[in-house]
Amino acid sequence: MKLLMIDDDTGLCELLSEYLTAQGFQIECAHNGEQGLKQALEQEYALILLDVMLPKLDGFEVLKQLRQKKLTPVIMLTAKGEDFDRIFGLELGADDYIPKPFNHRELLARVKAIARRIEHITSLANTSSNKLTVNNIVINLAAREAYVDEHPLSLTGTEYEVLALLVKHAGEVVSKEQISEEVLGRRLASFDRSIDMHVSNIRKKIAEFNNAERIKTMRGTGYVFIQGE
Amino acid sequence: MSLSKGSNKTLFSWLKHPQHFLFFKIFVWFWLTVIGTITALVFLSNIATNQVSCENLHGPMLKNLQYTAKGIERMALKHNKSITEILTHPRRAKRKLLYLNSDQPDHSLSSRVPSSEIDLSLLNFTKNMSPQIIFTEYYQAFGPIKINLPEGQFYLYEIDENHQPPFFIRLKLMPIWLKVIIALLASLTLSFIFSRNLIAPINHLKQAAIKLSDGDLTARAEIDPNRQDELAVLGRDFNSMATQLEQLISAQKRLLADISHELRSPLTRLKMATGLAQMQTPEENQTYLLRIEKEANQLDKMIADVLQVSRLEAKSQALSLHQQSLQIIIDHVLNDAQFEAKQTHKQLLVNGNLNIDIHCDESLIASALENVLRNAIKYSEKNITITLSLSDAIYIEICDDGPGVEPQNLTKLCEPFFRQSDARDRTSGGTGLGLAIAKNAIAAHAGSLTLHNKQPSGLCVRIALPLDKQQ
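Going line by line, the protein sequences match chains Z and D. Just so you know, we're using the UniProt record's numbering here: the first sequence kicks off at 1 and counts up by one. Just so you know, we're using the UniProt record's numbering here: the second sequence kicks off at 1 and counts up by one.
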């Protein structure tokens with residue numbers, strides 16, 4: 001499984017490749033935004049680790065340009081505590097973020113969560129086409145695609161997972177904790193807004209084609225995908 | 001040489017630009033005040049108790065009067081007319097009122113009946129004087145001119161009924177109470193302008209100094225740029241001092257933030273390297289690596305705290321505001337604190353609740369409460385009391401039953417890295433930034449965090465959050 005790390009800290013890149021190689025991953029490094037974006041567009045990676053502060057092209061810009069062409073999963077490496085950074089990153093379509101300086105075990109857990117997801121897809125792709133339809137939303141589990149009134153939605157990996165989870169449990173309240181554990185592979189930290197950000201992105205994308213409210217917020221508990229009109 | 005030159009300059013420079021010197025201002029204003037007072041006093045003492053004042057008559061007016069007197073004498077002697085006839089002659093009666101005063105009051109005559117306001121008896125005392133202009137409240141008289149007529153000796157006065165006396169005379173004729181009031185008002189106004197002029201820059205300076213000492217480093221004294229005296233110079237010096245202070249403090253804060261930020265990259269690598277080392281080291285030799293990891297985490301926490309404080313102090317923290325139930329935030333923090341307290345065999349007692357929605361950055365409010373609670377748990381003996389109440393504002397009071405804080409240290413407690421014991425013992429853990437974060441986080445929500453000691457012992461932290469902003 002091939003990963004790309006875009007970070008100008010060469011020392012960290014070396015250590016991280018050593019660590020992840022030992023865990024059975026293949027890792028490539030790019031040390032500035034421009035080169036990183038080029039590599040990300042030319043080659044297929046299972047996951048991109050993207051730093052925010054980068055020379056030539058900053059992390060947000062790389063993400064914005066990448067998302068116009070590709071939905072490769074992206075984990076942003078943000079400076080700890082800077083709320084604005086992570087929310088902005090999630091709005092641009094990052095799948096998750098890890099605050100720097102991170103713990104190596106935490107990083108591994110996130111990478112593995114995404115790897116598991118990809119394995120899961122390949123196993124599904126082999127089985128017969130598996131579709132979920134609720135109201136006017138269709139989820140093609142095999143192709144990992146979602147449609148609203150037959151229009152395909154361009155969702156990031158995480159957004160797709162969140163929507164699929166909600167549709168699977170249509171009519172039931174799915175707690176944020178559950179979403180975080182199943183989709184991001186981590187426990188929800190207190191006052192973490194990332195699930196809300198992902199859901200808000202999904203809502204925006206659905207609203208491009210259909211204005212009916214599909215995902216309802218249950219305050220303090222979680223979200224419900226509305227079944228029936 | 002240069003010394004004497006310098007002293008010459010200071011000795012005589014005030015002669016060139018006297019308005020630049022406060023001494024001169026005080027001197028001139030005081031002088032003016034004294035002059036004003038004296039003038040007022042002279043005025044007051046000058047007032048005769050009567051309502052009359054007079055001056056010697058000379059020039060054309062006198063000649064005119066003498067001519068009139070001669071005319072009357074001639075008429076009486078040559079044409080044998082009675083005095084009444086002369087005076088009531090239509091040609092005369094049309095002109096100014098003439099008054100012939102006799103030594104016997106009953107024989108006094110006038111050309112017309114004067115209006116009731118005119119009191120001619122006031123003129124009696126001037127009979128033995130040379131011709132005068134006589135000012136009274138309601139009229140002006142010229143005279144006397146002695147006239148000898150067959151009927152006896154008379155004193156001729158010409159009376160100008162409609163004439164308003166000149167300004168100074170009017171002043172003189174003013175009633176005493178009015179004079180006192182005017183003198184009072186004048187000196188009052190003068191002194192007021194004087195003192196205000198003197199005190200205004202001092203007041204501006206005082207207000208700026210108070211603001212500055214309260215931590216508002218942008219406070220400056222308002223000084224009129226055209227003013228050049230000592231006070232203006234002092235004010236400008238104060239302002240440049242404040243600017244210097246502001247730059248130094250912000251440079252120091254920025255340095256702290258920059259250093260902390262730069263420390264992060266090597267720290268990330270350190271953690272990563274530790275992780276690698278842990279992978280390659282057999283289980284039984286992990287002790288030191290675990291220690292390194294723990295210390296690295298401590299360092300990480302301190303850096304994060306420093307950065308948060310400096311961001312909050314610089315107000316550059318972007319607040320992510322949400323409508324949230326305060327009780328949910330409090331419960332969340334209390335759950336963690338309960339767990340922490342149990343481990344050290346202490347007890348959390350909660351009174352009241354706050355079922356109110358507030359518009360806030362929940363993670364900031366939570367971290368403020370967390371830091372205050374952690375502090376309280378650390379220093380308490382047995383119990384920590386949390387009182388939640390809602391009146392004109394939201395109040396959260398967290399009290400411990402520990403040793404409390406020396407009163408002079410109460411305000412310093414919220415300064416970064418302040419520790420009560422000078423030994424800076426680290427046994428209690430923490431970074432010394434908890435209360436600073438809490439105070440700044442509450443301040444970012446326009447609230448306040450105050451500390452006070454409780455009887456018999458213990459420290460209370462009182463957090464107040466405004467209501468109006470939330471709704």
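These are calculated hints, taken from the structure and not from any lab test. Treat the numbers as computed from the prediction; the structure is a model and nothing was measured. You may find that some hints are simply not true.
Claimed, not checked - For the chain Z half of the interface with chain D, some residues (derived, Cβ under 10 Å), not all of them: (1) GLY11; (2) LEU16; (3) ASP192.
Beta carbons: idealized from backbone N, C-alpha and C, even for Gly.
Hint-by-hint comparison with the structure:
Look at GLY11(Z): its Cβ gets to within about 5 Å of chain D, closer than 10 Å, so that hint holds up. Residue-level restraint check for LEU16(Z) holds (minimum Cβ-Cβ distance to chain D is 6 Å; threshold 10 Å). Look at ASP192(Z): its Cβ gets to within about 9 Å of chain D, closer than 10 Å, so that hint holds up.
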